[in-house]
Amino acid sequence: MATNMPADMVTSLVLILLLPLAGFAIQMFFGTRLPRKGDWLSTGLIGISLVLGIVMFIRTLGVFDAGYARQVHWPWIDIGGFRVGMGILFDNLTAVMLMVVGIVSFLVHLFSIGYLHGDVRYSRYFGYLGIFSFSMLGLVLCDNLLALYVFWELVGLSSYLLIGHWFEKKSASDAAKKAFLTTRIGDVGMFIGIMILYAKLGTFRFDEIFAAVADGEIGGSLLTWAGVGLFCGAIGKSAQFPLHVWLPDAMEGPTPVSALIHAATMVAAGVYMVGRLFLLFTPEALLVIAYIGLITAVMAASIAIVQTDIKKALAYSTISQLGYMITALGVGGYTAGLFHLMTHAFFKALLFLGSGSVIHAVHSQEMPDMGGLRKKMPVTFWTFLVATLAISGVPGLSGFFSKDMILGASLAFGMEHSSHLIIFLLLLVTAGVTAFYMFRVVFLTFLGRPRDEERYAHAHESPAVMTIPLTVLAVLAVGSAWGGWFQALVVKPELGQYRTAAVAPAVPGGEHGEAHAGEHHEAVHDETTIPDALHADPEGHETHVAGGDHADHGAAHRAHQIAMITSILAAGLGILLAWLFYGRRLFSAETVRRRLAAVHLLLSKKYYFDEIYAVGVVGTTLWVSRAARAFDTHVVDGAVNGTAWRARGFSWFIGLFDNTVIDGMVNGVAGTVTAWGRQFRRIQTGKIQNYLLGLVAVALILAFVRLVRGF
Amino acid sequence: MIPLQGYLVIAAVLFVLGLFCVMTRRNAVTILMGIELILNSANVNFIAFARYCAPDIQGHVFAIFVIIMAAAEAAIALAIVLNLYKRINSIDVDEVDMMRG
Amino acid sequence: MEGLEQLGTYLVLDILPSIRWFVPEIILFAGFTLAIFADLTTDKPGATRSAWVALGSLVAALAATIAGMGAALPEGLGGLSLFRGAVVFDPLANFFKVLFLVATILVVILILRSRDFGLRKMGELHALLLVVAAGLCLMASSTHLLLLYLSLEMVSYVSYVLVGYVKEDRRASEAGLKYVLFGSVSSGAMIFGLSILYGLTGEMNLTKIGAALAVSPGTEPAVLVASFLVMAGIGYKIAAVPFHFWCPDVYEGAPTPLTAFLSVAPKAAGFAMLARVTIHLFGQAGSLLAIDWPLVMAVFSALTMTLGNVIAVQQSNVKRLLAYSSIAHAGYLLMGLACVDRATGTLSERGLFGVLFYLVVYLFMNLGAFAVVIALREKVSDEEEIDSYRGIGPRAPLLGVAMAIFLFSLTGLPPLAGFVGKFFLFAAVIEAELYWLAVVGILNSVISLYYYARILKAMYLERVDETGEAPPLRLAPSHSVLLVVLAAPTVLLGIFWAPLAGLVQRSVGFLF
Amino acid sequence: MSDEIRLGVFLGFGMITLVSGAVVALARTIIYSVFALLFTFFGVAGLYVLLHADFLAATQVMIYVGGILVLLLFGVMLTHKIATVQLRSASMQRGPAALICGGLLALLLYVIFKTPWPVKELGPATPTVQRIGRYLMTDYLLAFEVISVLLFAVLVGAALMARRETNR
Amino acid sequence: MTGHVLSWTTFFPLIGMAVILAMPRNRPNLIKWTAAAASAVPLVLSVWIFVNFDRGEAGLQFVERVPWIRAFNIEYFMGIDGLSVPMVILTALLSFLCMFASWNINKMVKGYFALFLLLETGMMGVFCALDFFLFFVFWEVMLLPMYFLIGIWGGPRREYAAIKFFLYTLLGSVLMLLSMIALYLMHDPHTFDMTRLWTEYGVYGRTFQLIVYVALFIGFAIKVPVFPFHTWLPDAHVEAPTAISVILAGVLLKMGIYGMLRISYPILPVATVYFAYGLAVLGVINILYGALCAMAQKDLKKLVAYSSISHMGYCLLGMAALTPAGMNGAVLQMFNHGTTTAMLFLLVGVIYDRAHHRDIEGFGGLATQMPVYTGIVTVAFFASLGLPGLSGFISEALVFLGAFPVFQTLTIIAVIGIVLTAGYILWTLQRMFLGTLNEKYKSLPDINGRELFTLVPLAIIVIVLGVWPMPVLDLMRRSLGWIAEMAQRV
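Protein chains in written order, with the working numbering: chain A, 169 to 879; chain B, 16 to 116; chain C, 605 to 1116; chain D, 1040 to 1207; chain E, 6 to 495.
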């Protein structure tokens, strides 16, 4: 796709991108000197970006063409053998994402003005929000893998800064560090994926990569590894199964931050990436994605049930919902996954801001301290209730539409490949559990009797600047899914669009065979070491990747209806149970907790992931680094300059290592020199006799050597 | 007729005796005697070669010069020995090891 | 009667022309006697009259030698042989003569400025120095067995006296004794070797002996034993291992200017004689390789270098340290003589060039180091322990910088002359494919850095008192001038050494 | 003289030289060494006579016996109090020294008997003094002059070392 | 003047040194300003070179050639190409900034600045010399001042660190001397002229190339430093004064790699290709070993030293790949590491001047007390862990993308290194700057004007090159392409 973006669109997109960055720069240098510490400036700038975003969105709505895409590309690094460019790709998906990021970011800016009023680093906080918005918008707009990676890491940086905003608390700085490092591990996988693609295809641009995939230049296991590699990035950023541990700790940051980053935008980046690069995932890769998503969804939902901290509960709910979206994409439900991304962004942001306003009022995050706030905080309660209804998938609200589509897609996938029916079933259960724990939160926080009189006394409704965003989000949570505009605009891309070479359709079995042909003509022999564990299902069932086989369209429709019915049932059951446990207190949560104590402990300890990682990953690296240091100071240094250095008072292992190995090597090079020196010096006895003896002796030896050799 | 090797053997033995004397005696003067033995052995060599091998008697001239040098050397050596004797009342070479290492 | 006419013609034909080229040595002998008389005429204790006489004659001899260098000489090995083959007048000999005379002049100046001798009559010292200078010149130019022995003994006997000159210092007398005994035994061994050579060929002139040996098969064992014994004599002079034992004690015992002199001039003369013997005796193609000369010399060189450096690391007395360092440098020089040109089978031209060049450079840097020791003699708590040098650097900037230049040049670091010298030696060794020797050489220069830097560490890095600056050290103006005179060539030759290279090339080129 | 007698005399002088040489090296007291040295010099002089080196034999006797031996005797006497005449100068490290010297001797003997010395047929014995004189004045003139200077220097040096420091 | 720009750049500091030596001892300020002026001129000249350098030309420019010693045809042969221009600029810039960083030296001020200017001449000479003998002389000229600068003005164990540095580097350089002579002798009219050594590379046999390559490699590896030869670096850095460790890390470490690219690659192509894999392995070891050791350090300066070892590992990996991206990545990494580490050491110097200790655990919560200082430290730390948007990322990405096609497994292992780097940097950032303020440092003044003057230019370079690296990449790409092509001739 040549650069066919009209000039005015280019300017407005670049403006959208750079305004928050300008905000960041100004805040960092002159923030404190501005009136009201410049919060109006940042909010204003993100506001303008939002308006421009809405204009662009309306424009795409106007065109209303699924295949709509405009692109512009500039050269960046060109050193002969290596060429990289930077560019903007604007299609329907980008428009939607601009809208979502813009709205949530703007509302969070507004909310923060109230929430962080009087904070010691008030202006710097808005600066960080600015750079976050810039990175997130950049990530959404970029048209090549390298730019994606650049913005990917910048988003990681801004989350580090924002989580660690109140760095006086050790837990906050630990959480920030943990977030950055965990996502970085994911980024390693992503970079490896990028390297594989670049090494094979020589380009980073999405369109050129899709074209190459379409032409079959790359395929089979190499493409799968690249896909899995890129997906690792998503695992890290969207807190999927192995690397999800950082998200709950990230709640240390201010609540608006959690709302913005850990609900709506940043964590969604992973889903967006899978969506954007959908075409290069081979069936095997898609299966891996599906199962990872599934495990995450189920696990997170189970943990959310037992959480007492409101923000932790919402965090685990987010992880679970993300698992939902990832599974959707995994089973081929492209539109379903991205649709859920949008709707989830709105109602989860609302939930977080709601909890923020509650915390702001009650000054505690623990649900046991709350209860009965309905009367004290009506607006917060009603908006919170709307969001909970949406997330539980109550028909009519946005959540229902997107979650239903996901269940439909997974059922269709399950029906086609019977061995994968488990996906649909578990998703269904999770839907129910979601409804249960969300309503548990509502009951514990807003309904029932206030458990802490003193806090309840001075609880009060949040000021307007905080409630307005709540209401706006509530409206969006309800209405954003109506009208089916999303399904029309965001349609699953086909490889065909990108096939450049006039390849005769006689390609054996169209895409069908391509997965199997598995021509391994990749010049690069790849023995990448991504562990096989990730590779869920070896025998590669091909899904109906590309659309077009209309024969079983009817089957999809039927699956859709079944899914809708079952999802409503599940939601209802969940709400009922929550009401029984916490509303009417018919069953006491206490007894259940006692009887299933083991399970409860396991869940409350979050399956001991944190402990395993702390001992396993962090512990071993620190131990290896201490061993490296000891090795460096004793053996390498000791051996070379031969100092007889005693490792006193060192751990038993190092001590053992020290006595056995180092004593042997203690007289290193310089050591021998000084030792020789001492020996030779002794023969210099100062007595003349020995001199003469020495003289003749050595001369004689030399003579004999020569005689014997010579003749 | 006395073969050349006869003289050479005597010279060689004398040389070795001189060397042995130098190495084993602790008295500086005895060492000087050892040196004289060595010089004498060299002279015997020269004269023997002048007689048996060389076209002319240049060996004799060399021997004369060696004898003169031996005298000069004895003079210098004794002067130094006596000087040292005045300092440390003994010329036992073993004690002359203040500088070492 | 007919003997007389024959004698007359011989006088006119042979002796007079030879004398014309023998002027420098004659000046020195005359100077010697003059110095003795000059000393007799005054009885003031610290009289320096004899010193000026000595300096005068040395300068005159130097002028004569330089004048002689210009003369056109017959090409080839023999050069202009004087006194019927006893001595030869060729560019190599002239080069060495200039070297010795310059060294002696510098040492006489050092003696003038040093406090080592206290207030005793110095007449004899200057006179005897002249005799040693003459002896050195003879050593460089003699090609006759007897002359070799005489010149060697002339230098040795007089240096025994010079070493023990400060009679009341016990260490000096002890050094004298050791020097005498060791020297006499070595020269005794040398004469025995010479007698064997005479026996084998019946000739006294080195070139003739060389020619005779080439045609007499089966004499290899005898030649080898003879050359070993001769090597004992020369090795003692060079202080090469295993003939080096006397060196540290004598260097420590002798007065510092004398030690400086011993470490430079006689050592260079030893190399001149060794080169002379190897060129003339084993001049014929392949004779060197027959007795496996490269290996023997390489082993000597490696032993000398390593032992010198390794023990020097242990030393805490500066003079003993410089003694072992001079042994080590003898090792580096021997590297040059171990190089045999594979094609012609004779001593390689680049090797000899390296030796000559290195000797000049070594002269300046070594004398420089000793000059610093002398200059500090009464400024520091007298004995020459390295620790007593602590904190000198900042207090005497000129002296500190000079010492740094000398020591870094001795280590062989570029912009300084020592590096260029070592560069030529290593180039020769690599060209002669003695790779293992080259590696031993470079390892030694690294070890040498350790003990040279120890002195600098004491001077600069260690501070006696952490408090304020100690009072700056005032140096006698003449000392400063002397240091500059020695430091300048050490730096200059490191940057631009084309003229010296040209001179050395001319004095070596004619042989090949 | 007939050959047998010459051989007998040669062996006689040879034995005298070597035995007394051994005594010099091994004698316990220094006085024995000095006298043994006397006999060594005489033995060597005898050998010179056998080798028709008449002038050399005379020089040997005069300078060595007359000069150097007396000098050494003074040396010995001056450096020891008369009372302890039989001073025991213990020998040192005899073992290794003997080993070394034995090895060296073997080496020299090997060389002596192995190398083809260019022996020429022996001419009649002729007085050598005149020829030595001629050499001294022709080929060895330079050596002659040099040694004269050397002796002068040695005299100065020895005097310097021996004189008592008067003008302190 | 323009004809001899290189000679002026190299020898102007020497003139400055002479002027300083002539000055009276008791006027430290005058001495400091003259030294600053003396090092300002090479900076101006290097900027002039940067502007006038012809980007299209792969070969040598600003060449000056004067016969020095005709007998051994040694020439004073100076010239630069794409590879040396960034290094010349880096040297000039860091030297100029370090003059200001050493403003509070009060002991033997004259000696310090004189030696510093001599050091600058040595460094500049190494990057401009094209005659192997001249290269070697400049290479060693740097050793003398460095020994004294560490030895006299250093920290408590300065003598040990100084002599250790000297011995290591000398061992390396004597090996280089042997190989220099070997190369010199192999050519018919013996020559040191590198351009001829490049063209007549056919003269050497295969084993000769391997042996000389190894000898040269050890010489350069000690300087880089590569894993087994690195133990001198932490000691030298910890004991050296701030300005010296900036120069040591900023410029001296680059000489090893510059030497290999300038000498080993073009002259010994067969050996280069033969040892390429080995070099990559060493590079990866450097990356991981450096990062691991850094993680366990208590002293901040030692941590930065080990991080330098890790960063130089990237250069080795990039260089070993011989692909355009790899080579350009390696040289860009040299430049970026130069600026980033210079900032880090200057920052360590700032905190050391205030708290008089460098123990990481001893600090805490400095962000509240010294906000501006923390800001700059964050920029420096994030640049060194390779955050996109800052220069570190560009070179690391280029190295990885260049090395991956050639060494798949090694590059994947190396990529893991970026997590370790992020680990120890963030952990240090947390222990020193985040958390509650240690009451001992209630009164610590924030960064002052002079220190800012030394740091801001570097910060600007790091950020600008992160966004738009072409100005520097454009300089070097043709020359590096030429070197890579030469290194692969058979």
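There may be inaccurate statements among the hints.
List time: in silico SDA-like cross-link candidates among lysine to any residue, alpha-carbon distance up to 20 Å [claimed, not checked]:
| # | chain 1 | residue 1 | chain 2 | residue 2 |
| --- | --- | --- | --- | --- |
| 1 | D | Lys1159 | B | Lys101 |
| 2 | C | Lys983 | C | Pro1076 |
| 3 | A | Lys337 | E | Lys112 |
| 4 | A | Lys337 | E | Gln374 |
| 5 | E | Lys447 | A | Gly282 |
| 6 | A | Lys338 | E | Asn443 |
| 7 | A | Lys544 | A | Pro618 |
| 8 | E | Lys112 | C | Leu1077 |
| 9 | A | Lys205 | A | Gly282 |
| 10 | B | Lys101 | D | Met1116 |
| 11 | E | Lys303 | E | Arg162 |
| 12 | D | Lys1153 | C | Pro998 |
| 13 | A | Lys544 | A | Glu662 |
| 14 | E | Lys37 | E | Lys112 |
| 15 | D | Lys1159 | C | Ser820 |
| 16 | D | Lys1153 | B | Val24 |
| 17 | E | Lys115 | C | Leu1077 |
| 18 | E | Lys112 | C | Pro998 |
| 19 | B | Lys101 | D | Ala1201 |
| 20 | A | Lys337 | A | Asp287 |
| 21 | A | Lys337 | E | Arg162 |
| 22 | E | Lys445 | E | Gln374 |
Calculated directly from the structure, the hints in this document are not laboratory data.
Bear in mind the structure is a predicted one, so any value in this text is a computation, not a measurement.
Structure-based check of all given hints:
1. D:Lys1159 x B:Lys101: At roughly 54 Å apart (the allowed maximum being 20 Å), lysine 101 of chain B and lysine 1159 of chain D break the hint.
2. C:Lys983 x C:Pro1076: With a Cα-Cα distance of about 11 Å, the restraint between lysine 983 of chain C and proline 1076 of chain C holds, given a limit of 20 Å.
3. A:Lys337 x E:Lys112: Given that 20 Å is the threshold and the Cα spacing comes to 43 Å, the pair is violated.
4. A:Lys337 x E:Gln374: holds, 16 Å
5. E:Lys447 x A:Gly282: Answer violated: lysine 447 of chain E to glycine 282 of chain A is near 31 Å, above 20 Å.
6. A:Lys338 x E:Asn443: Within the cut-off at roughly 13 Å; holds.
7. A:Lys544 x A:Pro618: OK: lysine 544 of chain A and proline 618 of chain A at ~11 Å, within 20 Å.
8. E:Lys112 x C:Leu1077: Holds. Lysine 112 of chain E to leucine 1077 of chain C sits at ~18 Å (cutoff 20 Å).
9. A:Lys205 x A:Gly282: The hint holds at about 13 Å.
10. B:Lys101 x D:Met1116: Distance ~14 Å between lysine 101 of chain B and methionine 1116 of chain D Cα, so the pair holds.
11. E:Lys303 x E:Arg162: Holds, at roughly 17 Å.
12. D:Lys1153 x C:Pro998: violated, 67 Å
13. A:Lys544 x A:Glu662: Since the Cα atoms of lysine 544 of chain A and glutamate 662 of chain A sit roughly 53 Å apart, the hinted pair is violated (cutoff 20 Å).
14. E:Lys37 x E:Lys112: holds, 13 Å
15. D:Lys1159 x C:Ser820: holds, 15 Å
16. D:Lys1153 x B:Val24: At roughly 13 Å apart (the allowed maximum being 20 Å), valine 24 of chain B and lysine 1153 of chain D satisfy the hint.
17. E:Lys115 x C:Leu1077: holds, 18 Å
18. E:Lys112 x C:Pro998: holds, 10 Å
19. B:Lys101 x D:Ala1201: holds, 10 Å
20. A:Lys337 x A:Asp287: Given that 20 Å is the threshold and the Cα spacing comes to 14 Å, the pair holds.
21. A:Lys337 x E:Arg162: Since the Cα atoms of lysine 337 of chain A and arginine 162 of chain E sit roughly 38 Å apart, the hinted pair is violated (cutoff 20 Å).
22. E:Lys445 x E:Gln374: holds, 11 Å
Checked against the numbered hints given earlier, this structure breaks hints 1, 3, 5, 12, 13, 21; the rest are met.
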